[in-house]
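Chain by chain, the residues run as shown.
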Amino acid sequence: MAAKQTVRKAEEKPAAEKIKKQETVNAVPDLDAYSNFYNREQSWLLFNGRCLSEARDSKIVPLFERLKFLSITQSNLDEFFMVRIASLKDQLHAGYQGVDIAGLTPGKQLEALSAQVHDFVGLQYSTYNRSLIPALDKAGLVVISDYQELTEEQNKYLDMYFEEEIYPVLTPMAMDSSRPFPLIRNKTLNIGALISDKKAEGLGKKGKKKKETLEFATVQVPSVLPRIIELPDGSEGKKTVILLEEVIRKYLGILFQHYDVVCSAAYRIMRNADLTIDEDEAEDLLIEIQKQIRKRQWGEVIRLEVDETIDKRLLRILKKEFAIEDSDIYPIAGPLDLTFCMKLYGLPGFEKYKEPPYTPAPVPEFREDEDIFTSIRRQDILVHHPYMTFDPVVNFVRTAAKDPDVLAIKQTLYRVSGHSPIIAALAQAADNGKQVTVLVELKARFDEEHNIAWAQMLEKAGVHVIYGLLGLKVHSKITMVVRREEDGIRRYVHLGTGNYNDSTARLYTDLGLFTCDEAIGQDATAVFNMLSGYSEPDRWYKLLVAPIWLKNDFLKMIRREADNAAAGRPAFIKAKMNSICDPVIIKALYEASMAGVKIDLLVRGICCLKVGIPGISENITVRSIVGNFLEHARIFWFHNNGEDELFMGSSDWMPRNLDRRVEIVFPVESEALKLEVRHILETEFEDNVKAHVMRADGSYEKIDKRGKALINSQAIFCKEAWSKVKKKQNPTEGRRFTPAKTASENRE
Amino acid sequence: MSVTTFAAIDIGSYNISMEIFELTRKNGLRSLNRVRQSLELGHDTFVLKRISMERLEELTRILLDYRDIMKEYGVSGFRACAKSAFREAGNMYLALDHIYRATGIKIDVLSNSEQRFLGYKSIASRGEEFEKFIEKGTAIVDVGGGSIQISLFDKDSLVTTQNILLGSLRVRERLAAFEKETIHYDRLVEQLIHRDIANFKRMYLKNRKIENIILVGDYFTNLIFQNRSDLNKTESRETFMKWYDHVVSGSPKDIAEELGISSEMSTVLLPMAVLYRTLIDELQVETIWLPGIQLTDGIAYDYGEKKKIIRSNHNFEQDILKAAKNMARRYAGNKAHNEAIVAAANEIFGTVKKIAGLDPRANLLLSVACCLHDCGKYISLVDVAECSYNIIMATEIIGLSEKERRIIANVVRYSTTEIPDYQELRKTELLGEDDYMQVAQLAAILRIAISLDRSMLQKMEKLTAVKKDRELILTVSTGEDFTLEKGIFMENADFFEEIFNIRPVLRMKGGR
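In order, the protein sequence lines correspond to chains A and B. Taking the working numbering, the leading residue of the first sequence gets 1, the next gets one more, and so forth. Taking the working numbering, the leading residue of the second sequence gets 749, the next gets one more, and so forth.
Honestly, the hints are just simulated from the structure, not real lab data. Among the hints, a few may not be true.
Claimed, not checked - Computed Cβ-Cβ distance ranges for the label pairs, DEER-style:
id, chain 1, residue 1, chain 2, residue 2, range
1, B, Ser999, A, Ser223, 41 to 49 Å
2, A, Phe446, B, Lys819, 43 to 51 Å
3, B, Lys819, A, Asp371, 20 to 28 Å
4, A, Asp371, B, Glu1005, 41 to 49 Å
5, A, Gly418, B, Lys819, 54 to 62 Å
Glycine residues also receive a C-beta, built at the ideal position from the N, C-alpha and C atoms.
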């Protein structure tokens, strides 16, 4: 099931040869040519660039929202290093010479990425220093970047604050012949210093000046303390803050009392956090993952960020101890780890510089006077988060847990929130004697520990917990409730594009479908049978399931559009996803484009597909929406010669989704819901505020809005969600022709 | 609406399947869930002649899992059936006991005929579809891991059904030692099975034209045209051959990958494909029907019928009776005589069933016994009872369990000879006390019925049976001399009275 196409050997088909081949055989374009694809990592960097562009957009994006975007670019980049760059480094160390979809070896990719990331970081900090800090200052928020700028009053305040709050939790560590270089934890912020023994000063034996002996010392900036410290400020309506590391730097001398602090600088490392789990050999997946998580703290250092003013001697020590190359060292022109910008965003008193908070609307189809199962029995129900509340999803499990007619609840969990009400409901259901089966994906990256804890808690509560599948990640989002009703067993199913996470459901745009369709119920049963280790089904009635089946299903539908176009019938594909980088799917799309199929894609993140390649992808457009909410839904619309087929699901068009994960893509069949989903896609394609359009050279640009009405799809959906509620409450509102009430009705 | 949820478990040679059904009068059967786990019990039985402890433990684990799944659907009844992998295992009883103690699941070990009958029932439950299909010469071929069952239909009636001990797993195990010596494994399989199929053809097919074949019983049958829309469809021989060539030319690994099955399973697929192809070739079949059903459908259907939730248009008891009549014909039975006995026995049965606690199934067994009561004459006129007993015990009758066949054989045996005490009988027969009683009751009825046509001239025009106090009044309308029958009747009346505590009394209307 591995994506054979992506592991081609460089020597088999050098990129140059491929390009040449394409040039000479013009009649039949070589769709395999490396020049037809973008490298996925570089494409991802472009996505992060689009997030950064939001942080830079002073015209449309409110000031504090820009801080949020800057923070996001930082956390994105950290994860990119820990996983993607780490993986490329692993390949390089292993001597792997295969090339990617764009014909680049790991070495070439790392070389290109290093240059791009350096430029990107430069842009992040110019945004911070030149654009955001002055604007914040104007708005009344002063961020002190150097402790020497502090007023006397502020100094006094900090003296006390340091002594009482910070000092007790600091652990300074020095390195000398008896004390080895300490373990520096991944992603932590640290202050490194060179210190010299005060006693060693003065003249030596022969009256010569002693050579200064410098020792390395380091102290971790404690993560238990707030990174931002509010300082007293005499001026009205102003807030002044300083960063924790700057305060520690100020008092560094106190930590090393018999030493002089010669120089100090903040630094941060990023380690390889990609777990290598030998699932076939692992006797207990849970224990194996726990072991690997512990190893993360010792992973290879793949990035070192240092204050750009760092003393060269200090840098030399860090470089040696972390065994890192120059290209992986990032001198930073400002505070390290910009995720603190999210804390700045959270400071009260600046509401006018933020988007007004949005309260998700209730889902009108779920009536207050009836239980959730009755509502679902009446019709399939679509929920669009975060415009609509996530409550029905939680209520679905909660109600099932208590309902005496419910026999069983089954669910897959990938990422859940810290205090998940869903987990609590599942545990309660087990306690109430329901048969509860939950697949907790232990391999969900960076949520492994979290998920292990949930899995163990659920197991204690009597839930049958499945710890994922060997060799596959279960990424599907599905819940099934088996209920005994008067006319027999009925299965209620919720299928989603996003995680069962009530926290992220307020930030990510996702779609969910509640249904009790018999065929979907059968398929849902088969999915859980498969996940429980029972047989794979002989057939799927309605669901498209990865691995094994989904990719072929998609290819068939793409090729059907191509056949229709070739036969002169109308044909189009509109799809929305997070990423597209599966070479087989991309080639099928190229072929469809060549046949005349109009293909419009909304790809938020990675896109290895190129638009506008003459004779290949001229019928393809790619847009990316980066808005206040994270675009996360996956929707697929195939025209099918007028009999439109719409699907939604958890899968992107990436090899990992199609070949190495369990994913579910489900059809939207009700005509009313089809219209709703089409409307969502169409509105997003019309977005000219938050959409970026891919150009033929691979870059993205925002749409020229001059002379056009502004269309911000996310803002539209917010309004629509609430107007739908109002419409249900007052069905006649907005109607031009409202029948007059009779006299008796008026009396009532 | 009354809804019953039922689980059918099929313990096969290489798969343990469970299907959960919902049964309602309105909608019949509705499948809610189907699960399957691979377990090569057949490998143990066919090679080692017993089920290993390791596999037994695995089976226990699977059945415990299945119990949990039953709870998910609020199952109110279940039936677990095992087939040849248990039937032929030397440690069958120990294994059954082990499973029962560990899981609380009592496994029914089906006789081959019971097993095939359940499969056949599920196809026939397709109603019109099935009836239409069997209008032309049709063979139902049920390939399991241990054996193949071929049932022939001609003009919508079941002609014969035969079991050949060549299942896919059995063939694989038998050829395992030689497999590496040839690159033409398919030919090896072909040669192994050719003789049996040719014999079957010669004995039962004669000049019958078989146009259709129905492939059932095995989960592999669903893999043949693996495509969402192909299940429950008919296909031409050409399409089948394309699939066959594809399977035979591919390596087990490729086939496994393509069909999404394990490599081990794919090694069973090849012998199965060759079995199917040989049959299709030998029978010169034109159309193939894959109804997409399995034994679990039959188990559930049977349960629904017994609970009177499902009523079939097809009369399965008639099939059993027809099979018995065909058997009687093969052994030169007197058709008119047998029919007269069946009629008389049914009349008597109808009157005594309540007081004796006899159910309709007992009536069927009695009818079969009537048809076969003197089949032993074909072998010996001296020892008819014993010969009839031996013939019945050696011949499978579709739809009857091993025990039922034994009851029938004993009913026939003791319809002319004295029945021994239970203690004596149990020395040679695997029958319980209740079964013994049933043998005695049915034999008593059969004796009276035989006596009423002792001359084999069907002298009775009409027979009515009425119970009056402690008498069973049998009123015979006849215009002929009934002296012989009366005499024989009197000889058997004591035995009847001893069994039912009712004195049979013969009254004549007309005649002498």
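Notebook entry, point to check: Cβ-Cβ distance between Phe446/A and Lys819/B: within 43 to 51 Å?
Noted result: With Cβ atoms ~36 Å apart, the hint is violated.
Note to self: Can you tell me whether the CB distance of Ser999/B to Ser223/A sits inside 41 to 49 Å?
What the structure shows: Since the Cβ atoms of Ser999/B and Ser223/A sit about 56 Å apart, the hinted range of 41 to 49 Å is violated.
Margin query: If I claimed the Cβ atoms of Lys819/B and Asp371/A lie 20 to 28 Å apart, would that claim hold in this structure?
Written below: holds (23 Å)
Next item on the list: Return holds or violated for the Cβ distance of Asp371/A and Glu1005/B against the range 41 to 49 Å.
Entry: holds (46 Å)
Check: Is 54 to 62 Å right for how far apart the beta carbons of Gly418/A and Lys819/B are?
Finding: violated (32 Å)
Comparing the model with each numbered hint stated earlier shows that hints 1, 2 and 5 do not hold.
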